[in-house]
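Chains as they are written, first to last, in our numbering: chain W, 1 to 615; chain F, 1 to 109; chain E, 1 to 169.
If you are wondering where the hints come from, they were derived from the structure by calculation, not from laboratory data.
Treat the hints with caution; some may be incorrect.
What the hints assert, rightly or not - If you anchor each label on the Cβ, the simulated ranges turn out as follows: (1) 97(E) <-> 83(F): 28 to 34 angstroms; (2) 610(W) <-> 1(E): 34 to 40 angstroms; (3) 26(E) <-> 66(F): 27 to 33 angstroms; (4) 600(W) <-> 125(E): 38 to 44 angstroms; (5) 161(E) <-> 613(W): 29 to 35 angstroms.
C-beta: ideal position from N, C-alpha, C; glycine also.
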Amino acid sequence: MTATALAAAATLVPFGAAVVGMLFGRRLPFGAAPIAVLGTAAATVLAILVAVDVAGASSSVWESSTQLTPTGMVPITLGVRVDSLSATVAVMVTVVALAVQVYSVGYLRGDQRYSSYAALISLFTAAMLTVVLANDLLVIYVGWEIMGICSYFLIGHYWEDPPTSAAAVKSFLMTRFGDVGFLFGIFVLGMAAGSFRLTDVLTAVPAMDPGTVLAGTLLLTAGIVGKSAQFPLHSWLPDAMAGPSPVSALIHAATMVASGAYVVARLYPAFEAAPATLNVIAVLAVISMLGSALAALATDDLKRVLAYSTISQLSVMFAALAVGGRTQAVGHLLSHAAFKALLFLCAGAVIHAVGSNLMADMGGLARAMPVTFVTMTVGFAALAGVPPTSGFFTKDAVVAAAFGSAAATAGLVAAGVLLTSLLTAAYATRAWLRTFFGAQPAGARPADGTAHEAAHEAVHEAPWIMLGPLVVLAVPALLLGFGALRLHELRPELGPAVLSVALAALGALAAYVGWRRDPAHEPATALGRLRPVFASAFGTDDLYERTVAAAVMRLARGVVGVDDQVVGRAVTGTGQGARRLGGVLRLTQNGNPQFYVTGVLAGVLLITVGVALLS
Amino acid sequence: MHVAYPVVLAALLFSVGVYGVLARRNAILVLMSVELMLNAVNLNLVTFDAYLHDALHGGQALTLFVIVIAAAEVGLGLAIVLLVFRNRQTIAVDALRELAEPEPAGVDR
Amino acid sequence: MTAVEIVFVLLGVVALGAAVLVVTTRQLVHAALWLVVSFGALAACYLLLTAEFVAWVQVLIYVGAIVVLLLFGIMLTRAPIGRSDDLDSGNRVAALVVAAGTAATLVTVLVRAFRTAYVDLGGDPAGSATAIGASLFRVWVLPFELLSMLLLAALVGAIVLSRTDIGER
Numbered sequence: 001m002t003a004t005a006l007a008a009a010a011t012l013v014p015f016g017a018a019v020v021g022m023l024f025g026r027r028l029p030f031g032a033a034p035i036a037v038l039g040t041a042a043a044t045v046l047a048i049l050v051a052v053d054v055a056g057a058s059s060s061v062w063e064s065s066t067q068l069t070p071t072g073m074v075p076i077t078l079g080v081r082v083d084s085l086s087a088t089v090a091v092m093v094t095v096v097a098l099a100v101q102v103y104s105v106g107y108l109r110g111d112q113r114y115s116s117y118a119a120l121i122s123l124f125t126a127a128m129l130t131v132v133l134a135n136d137l138l139v140i141y142v143g144w145e146i147m148g149i150c151s152y153f154l155i156g157h158y159w160e161d162p163p164t165s166a167a168a169v170k171s172f173l174m175t176r177f178g179d180v181g182f183l184f185g186i187f188v189l190g191m192a193a194g195s196f197r198l199t200d201v202l203t204a205v206p207a208m209d210p211g212t213v214l215a216g217t218l219l220l221t222a223g224i225v226g227k228s229a230q231f232p233l234h235s236w237l238p239d240a241m242a243g244p245s246p247v248s249a250l251i252h253a254a255t256m257v258a259s260g261a262y263v264v265a266r267l268y269p270a271f272e273a274a275p276a277t278l279n280v281i282a283v284l285a286v287i288s289m290l291g292s293a294l295a296a297l298a299t300d301d302l303k304r305v306l307a308y309s310t311i312s313q314l315s316v317m318f319a320a321l322a323v324g325g326r327t328q329a330v331g332h333l334l335s336h337a338a339f340k341a342l343l344f345l346c347a348g349a350v351i352h353a354v355g356s357n358l359m360a361d362m363g364g365l366a367r368a369m370p371v372t373f374v375t376m377t378v379g380f381a382a383l384a385g386v387p388p389t390s391g392f393f394t395k396d397a398v399v400a401a402a403f404g405s406a407a408a409t410a411g412l413v414a415a416g417v418l419l420t421s422l423l424t425a426a427y428a429t430r431a432w433l434r435t436f437f438g439a440q441p442a443g444a445r446p447a448d449g450t451a452h453e454a455a456h457e458a459v460h461e462a463p464w465i466m467l468g469p470l471v472v473l474a475v476p477a478l479l480l481g482f483g484a485l486r487l488h489e490l491r492p493e494l495g496p497a498v499l500s501v502a503l504a505a506l507g508a509l510a511a512y513v514g515w516r517r518d519p520a521h522e523p524a525t526a527l528g529r530l531r532p533v534f535a536s537a538f539g540t541d542d543l544y545e546r547t548v549a550a551a552v553m554r555l556a557r558g559v560v561g562v563d564d565q566v567v568g569r570a571v572t573g574t575g576q577g578a579r580r581l582g583g584v585l586r587l588t589q590n591g592n593p594q595f596y597v598t599g600v601l602a603g604v605l606l607i608t609v610g611v612a613l614l615s
Numbered sequence: 001m002h003v004a005y006p007v008v009l010a011a012l013l014f015s016v017g018v019y020g021v022l023a024r025r026n027a028i029l030v031l032m033s034v035e036l037m038l039n040a041v042n043l044n045l046v047t048f049d050a051y052l053h054d055a056l057h058g059g060q061a062l063t064l065f066v067i068v069i070a071a072a073e074v075g076l077g078l079a080i081v082l083l084v085f086r087n088r089q090t091i092a093v094d095a096l097r098e099l100a101e102p103e104p105a106g107v108d109r
Numbered sequence: 001m002t003a004v005e006i007v008f009v010l011l012g013v014v015a016l017g018a019a020v021l022v023v024t025t026r027q028l029v030h031a032a033l034w035l036v037v038s039f040g041a042l043a044a045c046y047l048l049l050t051a052e053f054v055a056w057v058q059v060l061i062y063v064g065a066i067v068v069l070l071l072f073g074i075m076l077t078r079a080p081i082g083r084s085d086d087l088d089s090g091n092r093v094a095a096l097v098v099a100a101g102t103a104a105t106l107v108t109v110l111v112r113a114f115r116t117a118y119v120d121l122g123g124d125p126a127g128s129a130t131a132i133g134a135s136l137f138r139v140w141v142l143p144f145e146l147l148s149m150l151l152l153a154a155l156v157g158a159i160v161l162s163r164t165d166i167g168e169r
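One chain only, chain W, in its complex shape:
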């Protein structure tokens, strides 16, 4: 089969698995798990076949598409675009999705909503593959939105808990808010190019008016900022950790949040033609990466640390894109997917075992959970950029790109990435030490109110169905860097490499010293009064609540008031008016028969006179 047919199949198989799982999952005797796992496995195989085809062929781009029925305006095409970028990312998506599906079988054992959960994960996989493989901007937008709604459903998996459903709504609203800009950006570029097909748009970019390109890319940036949780639309991601850990691993680490960076890479010629947009992206990225790194350093919830870390690493990708490092950004995207998904799945295992999200309740788990300990160590090492993990290669490539770039923001980006790598190493070390070393806290484990985290009597290792995916993901986290050496952009350069490793070591050392010194083994107490400020992400959430949310609520109350007083009153007023009119007419029905006869005779008289006069 041709590569494009395989790619189309890879997108449709998870969709079919989602439909079957949603409709029949509960009724099957063996449950919904086989459908989901097999569907995702089939998609993985197909994606690998496509990648093999691309790698072995000389021509780089295959495309096949059909035009949808003419709408009378710019045509929309339904089709697939296969090139090295999309094939690689497709493999990443399917592999991570498969690992998550297998892990979920163990993590959500006994959960009564498992079949819809698995179907939604399959649907999400199909939507992400649409974004990756489609060749039409509007079809990409369709996949984008389906991802958003799947994210909402999956975050709200335990929707009986009010904070969880609130977190789901918050994530949906904030990303949707950005998606409005995204859609308008697509319209601007599509109308200017006369078609929504990617190749047409990209070939038309040089001929477009610079203002149009700038407007289109800035609008696209709004959506990307929302979906990838960059400043200022970042505060939904830490709250989205209320969902199950596998969901966090798939959606909020590896795939959906990375799709923003992917779209920029896809439309890179358009972004390069609008340098102002890239500068805006660079500034937002630097702010995000530093702010979220500080927040990760201060917060005690393990999953929130990883969430802020995700924001920070995504900013690194965007920073790379802003200084011209497209390949470096995509490389970091792939390695981040591997180690961040690994970290989240490991965190899920730890939380499952300990019964609490807070690192204050963890400690000394290295002996009790050896496999988790080893794999999570690999993940943290890749996050901190320890050689020879994949994280080291890709982050170093980004630093090198910033050093070698001629963009206006190159210096800012370089400084930001270096400072972030110091902070990253610090918080990664802190999390690693607090989770696995030190004394296991005695005493009752706090009931954290979340019904799903089962408290075990003694901490023990997770079952093998959960450990298998951890091991599988640890392999690329460790070794992907070597595979990337094929590409010259990703080969390490001496200067930047030494600098970033030195800074990382410095950060790790600072965290270790703080851990040793503090009696409660909390390095972040050294931050003192700044700690709550950092942990709340500098109060941005509070600011949004006081300004945007309060204004919208006031407007909503006003609308309700108008509906009640004006519209409702118009309706009841009509009734009352009819009543009053009836009351007026009732005056003639006074029951006096003489009155009635008078009326009748007067009427007869009038008619007679009228007839006599008019004829």
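Fit chains F and E to the known structure of chain W by using the hints.
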């Protein structure tokens, strides 16, 4: 004789009867006014019978019939008036207001 | 104007005046008596129009029976004897307007229609008892019989309505 005289007299008598029906409060007075109206009609009938030299004497025959019916009507009418008097102790026509349409109860918002 | 017309006008004035008094007097029994005067004048008018049988029947039935019935009704309903002020209802003004309108309309129409019509009162007396009787029992016999049924029904109805020993139904 000019036809106008009896005919105009009949019209005027009829109008006086109309006034009486509409303006008098006592039910028996209303009945008397009705008799006046019927008499006006009778006069008309007789006049035209004479004017047209009706071979069948239709006008006068009809006049007789009207008189008979008027008698029957007054008899029954008075029986009804007596019943009303027995039940209400009054025969003022504007005190009998059962045909009125009252304000409906339970007017909601 | 001929003599007949003059007499007719005089009788008409009497009839009309008595009728007006019927509907305006403040004494109930006087109204019944003025009604008698009006009926009598009308009977005389019938005589002038050569309808003598009708005239006698008018006196017999109207004056003799109907007014007596009305007087009985006045007595049985404890009507006030002497002057009473509440014999006119509140509808007076509207009644006056309607009555005036009726009068105006009817008189106008009739005068304009019969401006040149004259009754020929000579010839055979068309209203004699012989003629009317023959006509009644030949041409109008069916309505005549039906009227007797009607009277029977009215009789029975009046009795049933005014019996006090029949309970509520």
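Hint check:
no.	hint	result
1	97(E) <-> 83(F): 28 to 34 angstroms	holds (33 angstroms)
2	610(W) <-> 1(E): 34 to 40 angstroms	holds (36 angstroms)
3	26(E) <-> 66(F): 27 to 33 angstroms	holds (30 angstroms)
4	600(W) <-> 125(E): 38 to 44 angstroms	holds (41 angstroms)
5	161(E) <-> 613(W): 29 to 35 angstroms	violated (45 angstroms)
The structure fails hint 5 only (numbered hints given earlier).
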